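**Student:** Listed below are the residues making up each chain.
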Amino acid sequence: MWSVAGGRERVAMSENRGILALIVINKAGGLIYNRTFGDGLNQLNTNDYLVLAGTFHGVHAITTRLSPLKQQQAASITADGIPSRPDPPSGLEVLESENFRLQCFNTLTGTKFLLFTDNLQANVDVAMRKVYDLYADYVTKNPFYQLEMPIRCDTFDRKLNSYIREINNAR
Amino acid sequence: MSNLQAPRGGGKEESGLRYPTNGKTIYHRPLNRAKAAELSGASFAYLFSEMVSYASKKIESIQDLEKRSMDPSFTHKTPYLTRFIASARLNVQGHPIGLKLLDLLLYREPARTQTRPLTIITLLHFIKINVWQHLFGQVADGLEKSSDPSKPDEYMIIDNEPLVNRYISVPRDMSQLNCAAYVAGIIEGVCDGSAFPARVTAHSVGKQEEGEMWPGRTVFLVKFAPEVMERESFLGKG
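So the sequences go chain by chain: A and B. Going by the UniProt record's numbering, the first residue of the first sequence is number 1, and it counts up by one from there. Going by the UniProt record's numbering, the first residue of the second sequence is number 1, and it counts up by one from there.
To be clear, the hints were calculated from the coordinates, so they are not data collected in a lab. Treat the numbers as computed from the prediction; the structure is a model and nothing was measured. Even for Gly, the Cβ is constructed at its ideal location relative to N, Cα and C. Mixed in with the good hints, there may be bad ones.
[Said to hold, decoys possible] What follows is a set of in silico ranges between Cβ atoms, one per label pair, in the way DEER data are often shown: (1) A:Ala136 to B:Glu161: 18 to 24 Å; (2) B:Ser175 to A:Thr78: 48 to 54 Å; (3) B:Met174 to A:Ala28: 47 to 53 Å; (4) B:Arg116 to A:Ser84: 32 to 38 Å; (5) A:Lys70 to B:Glu212: 53 to 59 Å; (6) A:Gly40 to B:Glu144: 43 to 49 Å; (7) A:Val94 to B:Phe136: 49 to 55 Å; (8) B:Pro30 to A:Asp133: 25 to 31 Å; (9) B:Ala34 to A:Gly40: 46 to 52 Å; (10) A:Thr78 to B:Lys100: 44 to 50 Å.
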């Protein structure tokens with residue numbers, strides 16, 4: 001009995017790989033989108049997701065202030081003569097644990113995309129960029145979507161699912 | 001374009017915007033001089049998104065948003081009054097484009113074929129091929145006549161993925177709305193302009209299930225006015 005249960009568990013583990021989940025947090029720290037990709041993944045209840053989003057938002061804000069290095073304040077002049085402001089501190093970008101890896105992408109407007117993958121997933125940056133592209137296309141160009149509100153767009157769901165399935169099957 | 005070159009002033013050779021020496025007037029060229037004469041899809045998407053928002057404001061029902069008039073009889077189609085009252089509606093926004101597009105596209109045809117469509121079939125083919133090609137860069141995916149024998153005045157133009165709807169997801173509580181009503185307005189303008197008064201509506205027929213090939217499939221239902229059908233039947237006999 002023991003070995004059977006263990007074996008089944010291992011099968012489930014090996015089926016779920018690649019990109020596991022996506023969470024989108026708005027600039028006020030509210031959860032606006034969460035989705036898991038694949039069967040048999042652990043699910044949090046809605047309240048926990050909301051708490052998670054708020055907590056992560058706070059932790060991210062703290063990590064932007066943690067850098068022990070002094071920030072270069074002087075505006076640098078680029079080759080074409082346009083002064084450029086130094087990038088703001090990025091804060092938390094990657095969080096790794098034994099079982100999963102969390103990649104965070106903070107857009108210029110403060111929307112955060114959290115992508116949960118397994119430890120071996122390569123090119124998470126590319127996937128993140130594509131997810132951001134899909135968001136820009138199918139969410140912000142949708143006249144029925146209000147900014148900072150929960151994302152309920154069928155086309156976004158559809159395109160996201162097919163893209164993630166494509167990546168996960170390619171491995 | 002020999003027919004365009006003949007100057008009107010007796011004997012005096014004119015050259016300018018209206019009658020240039022090579023015979024190509026400004027109407028023959030797209031305003032956009034880029035190589036493929038294409039516009040930015042993203043800009044259009046944002047613009048159209050705002051048009052839909054504007055059309056959705058202060059509207060009581062979805063039916064209002066899509067249709068200019070609930071009155072099926074064409075006798076009440078007082079063109080300007082109704083349109084001004086209901087100017088915040090998508091169909092209306094498309095209608096003048098259709099009217100002008102008809103003129104422009106016919107003008108750009110070679111002189112020999114520069115005739116207005118005279119039958120329903122040629123008109124619908126003109127819409128399916130010329131209008132679609134000009135607006136969306138491809139022809140429409142289908143053209144069908146209603147299979148219901150009691151509705152001989154209904155024709156369907158099918159587009160599997162309307163360009164205007166590419167980035168739009170209509171919320172469930174407004175599922176009757178199809179924002180391609182704007183395109184329906186353009187079709188209606190072309191029909192009205194060529195003296196085939198018709199009422200055109202856009203309907204979503206795509207299935208929302210997972211793995212569906214064309215979830216945004218849209219049918220433009222063209223319902224011609226009774227007098228058009230009457231004239232058509234006379235033409236058929238002659």
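**Student:** Each of the hints needs a verdict: does it hold here or not?
**Tutor:** Here is how each hint holds up against the structure:
1. Between A:Ala136 and B:Glu161 the CB atoms are about 19 Å apart, so this pair conforms to the stated range of 18 to 24 Å.
2. A C-beta distance of roughly 50 Å is found between B:Ser175 and A:Thr78, which places it inside the suggested range of 48 to 54 Å.
3. For B:Met174 and A:Ala28, the Cβ-Cβ distance of about 27 Å falls outside the hinted range of 47 to 53 Å, so the restraint is violated.
4. Our hint of 32 to 38 Å for B:Arg116 and A:Ser84 is violated, since their Cβ atoms are close to 58 Å apart.
5. For the pair A:Lys70 and B:Glu212, the beta carbons lie near 56 Å from each other, so the given range of 53 to 59 Å is met.
6. Distance hint check for A:Gly40 and B:Glu144: the Cβ-Cβ separation is about 45 Å, which falls inside the suggested range of 43 to 49 Å.
7. A beta carbon spacing of about 43 Å between A:Val94 and B:Phe136 contradicts the range 49 to 55 Å that was offered as a hint.
8. The beta-carbon spacing between B:Pro30 and A:Asp133, approximately 29 Å, falls within the hinted interval of 25 to 31 Å.
9. Distance hint check: the CB atoms of B:Ala34 and A:Gly40 are about 51 Å apart, consistent with the given range 46 to 52 Å.
10. Hint check: A:Thr78 to B:Lys100, Cβ distance near 46 Å, so the stated range 44 to 50 Å holds.
When the structure is compared with the earlier hints, violations turn up for hints 3, 4 and 7 and for no others.
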